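Following the hints, position chain B against chain U.
So you can see what is in the structure, the chains are spelled out below.
There are 2 protein chains.
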Amino acid sequence: MERKLINSPSFFIGKGEGDNLISFGSGQPDLPPPDEVFDITKNYRSFKYGLIQGQPHLREALSRFYEDSNPDDFVITNGASEAIDLSLRAVHALTGGSKVLLFRPYYYSYPHNVRFADMEAKYSDLKEGKIDIEDFKKQIEGCKAVIINSPANPTGSVQDKETLLEIDKVCREKGIYILSDNVYKDLVYDDEAFYLEGEHVITIDSFSKSYSMCGIRVGYLYTPNKDFVDKVIEMKTHTSMNTGLMAQEMAFAATNVPESFLLETLETWRKRRDLFYRGMLDLGLDVIKPEGAFYLFPKIKNPDKAINDLYYDHNLIAYSGSWFGDDERMRFSYALDVEKIEIGLERLGKYLEG
Amino acid sequence: MERKLINSPSFFIGKGEGDNLISFGSGQPDLPPPDEVFDITKNYRSFKYGLIQGQPHLREALSRFYEDSNPDDFVITNGASEAIDLSLRAVHALTGGSKVLLFRPYYYSYPHNVRFADMEAKYSDLKEGKIDIEDFKKQIEGCKAVIINSPANPTGSVQDKETLLEIDKVCREKGIYILSDNVYKDLVYDDEAFYLEGEHVITIDSFSKSYSMCGIRVGYLYTPNKDFVDKVIEMKTHTSMNTGLMAQEMAFAATNVPESFLLETLETWRKRRDLFYRGMLDLGLDVIKPEGAFYLFPKIKNPDKAINDLYYDHNLIAYSGSWFGDDERMRFSYALDVEKIEIGLERLGKYLEG
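From first to last, the protein sequence lines stand for chains U and B.
The opening residue of the first sequence carries number 25 in my numbering; numbering runs sequentially from there.
The opening residue of the second sequence carries number 25 in my numbering; numbering runs sequentially from there.
Calculated directly from the structure, the hints in this document are not laboratory data.
On a predicted model such as this, the values are computed, not experimentally measured, just so you know.
Wrong hints could be hidden among the right ones.
Copies of the same chain look alike in the list, so a pair counts if it fits in one copy or across any two.
What the hints assert, rightly or not - As a list, the in silico EDC-like pairs of lysine to aspartate or glutamate whose alpha-carbon atoms are at most 20 Å apart:
id	residue 1	residue 2
1	Lys-66	Asp-306
2	Lys-193	Glu-152
3	Lys-123	Glu-283
4	Lys-72	Glu-60
5	Lys-161	Asp-306
6	Lys-72	Glu-273
7	Lys-72	Asp-210
8	Lys-250	Glu-223
9	Lys-313	Glu-352
For reference, chain U alone in the conformation it holds in the complex:
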């Protein structure tokens, strides 16, 4: 096989379905959505524009998940991605500011989101996945927003309540927006995760991870900050209009699914996590134990080279940590059957021996 250099996740698109390839690459659930999500599509016939802000019954349903919220506090978006894009552009428009703080390692898209909102990213390095509050206090100077992702992609770490409350205090005092990206909130294995709320907090979430609806593209942002909601609606009016109406109906169906769906899904993820984490320890890897999400982020030497060797010599897909701001680690998504995880571990073991 010709060894074309792999240097971005897009190389792997369309790969991983083959018989003999094990993919720990893409971060999307492999389990299907609840049946209810597809049931609604059978008799759907609407075709006119909907409200830019999103369908009222979907926002009404979402408001039941957030205490003290009301339907007008939500904007339905094309996945969490658009919610992040619009939020950052709104921060830029409302403050005129140019700097946004990211914790590193970060979700792959964040630095690009900041750049495409015509702003500049600053970084605070995590310590074994956790926020270093002293470093945060230094780096936040001059920033107009900070993005928090807990549980996090790629580390799987959940941030402590105490740390988040300290961040909240600083941001309240300085008038800094907190973008709280909670897309993995239903994938927390042990203790509960804590989430900030308030006038300066923009909560971002989606149906993609919780309900396996990545390709359907429904997310939302929620904030009690009316000016912020209005600015986002103003932007979305011109940049994409309403989020697809049938997709919103599918999301609405998901909000009515019994909680047992989420709990059963979580048990599947937990089994995979336990097996994969144990396997990595057995291979002698230095790896953070994921408290949520579905990624392992072990230390592996020269990850940019390793992803090539793993793919071409061992039929194994994994992502380089350098794509997430850490060039000493690799990201392994465990969105696949335990049987495949075991085969993948064997292959990884062979690579590490070699």
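Coordinates of chain B only, in the frame set by chain U:
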């Protein structure tokens, strides 16, 4: 009724369905999409991420509509709105430029799109809906892009081939991008419309107007310019990811609908246009005869006041020309039955007498 001041189209959202209200407001077809569009949804079960660029079979189908194009020249977007947003942001990113030329009156969203792409709009005034090529040559100086919309919202005018070829020559020489917004291309009543193509031309279109799929949100951009396509894909990777997959299947179904659907729809629009245009002339109004799209744009004194009086005193919705950059005219969409158009004309007549 309390007379709350009407000063933007959003005032009318959710209005117009009542028994006694005639709405010439929103620019969306009232006729349903072809049945095929909904048929595909019954058995649809996919849920994973799709290609950011769009589903290959949809791009393949689209490439059959454009001579010499190939599927890689297309990016499927959340309606034409997202195609415009991403195109302008790509122009900004690729050129570092800050000025975009718009013809005035313009589609409501364009100035906002330019602003949200962190650029600045310049204007060239149309003469009775037609481009003034000498003024264009003056105003284009310093611009990195120009948006052409033919047939146009709000005038219904189609631009002449000779004028477009002159614009093309200037833009080729100066390296200026042409964003050709062709969303009304299937709604041309008389002569055929002419469309530019080339490395510097970004064709923008959607399924919304041709197939009555506004709320479903599928559009696209097409250009043989590979660098431009790559930049748009790079942005969309982070700002919204793939366009909703079921929506793309619905669009694909539309590409297989016999041409007779479009031709029959066009005849419906033509009857409405003829009736409404004739009726406005009979009322003594100075109005451009629409060559395409579904809007009439007559001269009416003080339109910002008129929309309030028409709504509160005559149960009639129409938009102020000032929202489109012309404060001596009003926009009337004729996306409704001929019976309602006749009632609307009567009411407009009473207003004009008063």
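Structure-based check of all given hints:
no., hint, in the structure
1, Lys-66 - Asp-306, "neither (49 Å within a copy, 47 Å between copies)"
2, Lys-193 - Glu-152, "neither (23 Å within a copy, 58 Å between copies)"
3, Lys-123 - Glu-283, "neither (39 Å within a copy, 51 Å between copies)"
4, Lys-72 - Glu-60, "between (23 Å within a copy, 17 Å between copies)"
5, Lys-161 - Asp-306, "neither (38 Å within a copy, 71 Å between copies)"
6, Lys-72 - Glu-273, "both (14 Å within a copy, 18 Å between copies)"
7, Lys-72 - Asp-210, "between (33 Å within a copy, 18 Å between copies)"
8, Lys-250 - Glu-223, "within (8 Å within a copy, 43 Å between copies)"
9, Lys-313 - Glu-352, "within (17 Å within a copy, 67 Å between copies)"
When held up to the earlier numbered hints, the structure conflicts with 1, 2, 3 and 5 and fits the remainder.
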